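Read in order, the letters of the sequence shown correspond to residues 19 to 114 in the numbering used here.
Read the hints as simulated data drawn from the structure, not as lab findings.
Computed from a prediction, not measured in an experiment: that's the story for all the values here.
Be aware that one or more of the hints could be misleading.
[To be verified] With a straight-line cut-off of 25 Å between C-alpha atoms, the simulated DSS-like cross-links for lysine-lysine are:
| # | residue 1 | residue 2 |
| --- | --- | --- |
| 1 | Lys77 | Lys100 |
| 2 | Lys67 | Lys105 |
| 3 | Lys77 | Lys67 |
| 4 | Lys64 | Lys77 |
| 5 | Lys67 | Lys98 |
| 6 | Lys67 | Lys54 |
| 7 | Lys98 | Lys54 |
| 8 | Lys47 | Lys105 |
| 9 | Lys100 | Lys67 |
| 10 | Lys64 | Lys98 |
| 11 | Lys67 | Lys84 |
| 12 | Lys73 | Lys105 |
| 13 | Lys64 | Lys54 |
| 14 | Lys109 | Lys84 |
| 15 | Lys98 | Lys47 |
| 16 | Lys73 | Lys47 |
| 17 | Lys77 | Lys109 |
| 18 | Lys84 | Lys64 |
| 19 | Lys64 | Lys47 |
| 20 | Lys47 | Lys100 |
[Said to hold, decoys possible] Cβ-Cβ distance ranges computed for the label pairs, FRET-style:
| # | residue 1 | residue 2 | range |
| --- | --- | --- | --- |
| 21 | Val28 | Trp50 | 24 to 34 Å |
| 22 | Ser113 | Gln61 | 36 to 46 Å |
| 23 | Arg75 | Ala24 | 17 to 27 Å |
Don't be surprised by glycine CBs; every beta carbon is placed ideally from N, CA and C.
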Amino acid sequence: MQSHVAFHNVDHSRALEFFIQQRSSRLNKLLWRGEKISWVIEQDSKEFKPVLNLKLRNKQFKVSAKQSNAFSAVNEVIDKAKRVVNKFHAKLRHSH
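Please work from the sequences and hints to get the whole structure.
Next up, the structure:
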């Protein structure tokens, strides 16, 4: 499943978008039916700030990072997002 990627205040990069789609495909495997992700890539002065919007069941989460390298920032966001998804799903499993 393709993830929506929007670029704000930064030039569109097909290489970065491809990288995001690749990394997102691994994250999508952790998601349950009906859960979605979308990306917004921003730039603050010289730092890239990718923001991942997670819609998990009835909750919304935003995961972000700031780095001078956009690809490293995306990797950091993916790592954080995996922890958020796993923690949220574990909480749901134990609440039933």
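Results of checking the hints against the structure:
Our distance criterion of 25 Å between C-alpha atoms is met by lysine 77 and lysine 100, whose separation comes to about 15 Å. For the given pair, lysine 67 sits about 23 Å from lysine 105 by alpha-carbon distance, which is consistent with the 25 Å threshold. Our distance criterion of 25 Å between C-alpha atoms is met by lysine 77 and lysine 67, whose separation comes to about 22 Å. For a cut-off of 25 Å, the pair hint linking lysine 64 to lysine 77 is broken: about 32 Å separates their Cα positions.
At most 25 Å may separate the alpha-carbon atoms for a hinted pair to count; lysine 67 and lysine 98 meet this at roughly 14 Å. Among the hinted pairs, lysine 67 with lysine 54 is consistent with the structure: their alpha-carbon atoms are about 20 Å apart, no more than 25 Å. As the CA atoms of lysine 98 and lysine 54 are separated by approximately 16 Å, the hinted pair is consistent with the 25 Å bound. For the hint pairing lysine 47 with lysine 105, the CA-to-CA distance comes to about 15 Å; that is within 25 Å, so the pair holds.
A threshold of 25 Å between alpha carbons decides the hint, and for lysine 100 with lysine 67 the separation of about 18 Å falls inside it, so the pair holds. A distance of roughly 22 Å separates the Cα atoms of lysine 64 and lysine 98; the hinted pair therefore holds under the 25 Å criterion. Between lysine 67 and lysine 84 the alpha-carbon distance is near 5 Å, which keeps this suggested pair within the 25 Å criterion. With a C-alpha separation of about 14 Å, the suggested pairing of lysine 73 with lysine 105 holds against the 25 Å cut-off.
For the given pair, lysine 64 sits about 29 Å from lysine 54 by alpha-carbon distance, which is inconsistent with the 25 Å threshold. Under the criterion of a C-alpha separation no larger than 25 Å, the hint pairing lysine 109 with lysine 84 is inconsistent with the structure, at around 28 Å. Between lysine 98 and lysine 47 the CA atoms are separated by roughly 15 Å; this keeps the pair inside 25 Å, and the hint holds. A hinted pair counts as satisfied when its Cα atoms are at most 25 Å apart, and lysine 73 with lysine 47 qualifies at roughly 14 Å.
This hinted pair checks out: lysine 77 and lysine 109 have alpha carbons roughly 13 Å apart, not beyond 25 Å. Restraint check: the Cα-Cα separation between lysine 84 and lysine 64 comes to about 10 Å, which is no more than 25 Å; the hinted pair holds. Using a Cα cut-off of 25 Å, the hinted pair lysine 64 and lysine 47 is violated, with the two alpha carbons roughly 32 Å apart. Taking the CA atoms of lysine 47 and lysine 100, the gap is near 10 Å; set against the 25 Å cutoff, the hint holds.
At about 31 Å, the CB distance of valine 28 to tryptophan 50 agrees with the hint of 24 to 34 Å. Between serine 113 and glutamine 61 the Cβ separation comes to about 39 Å, which falls inside the hinted range of 36 to 46 Å. A hinted range of 17 to 27 Å for the beta carbons of arginine 75 and alanine 24 is consistent with their spacing of about 23 Å.
Hints 4, 13, 14, 19 from the list above are not met by this structure, while the remaining hints are.
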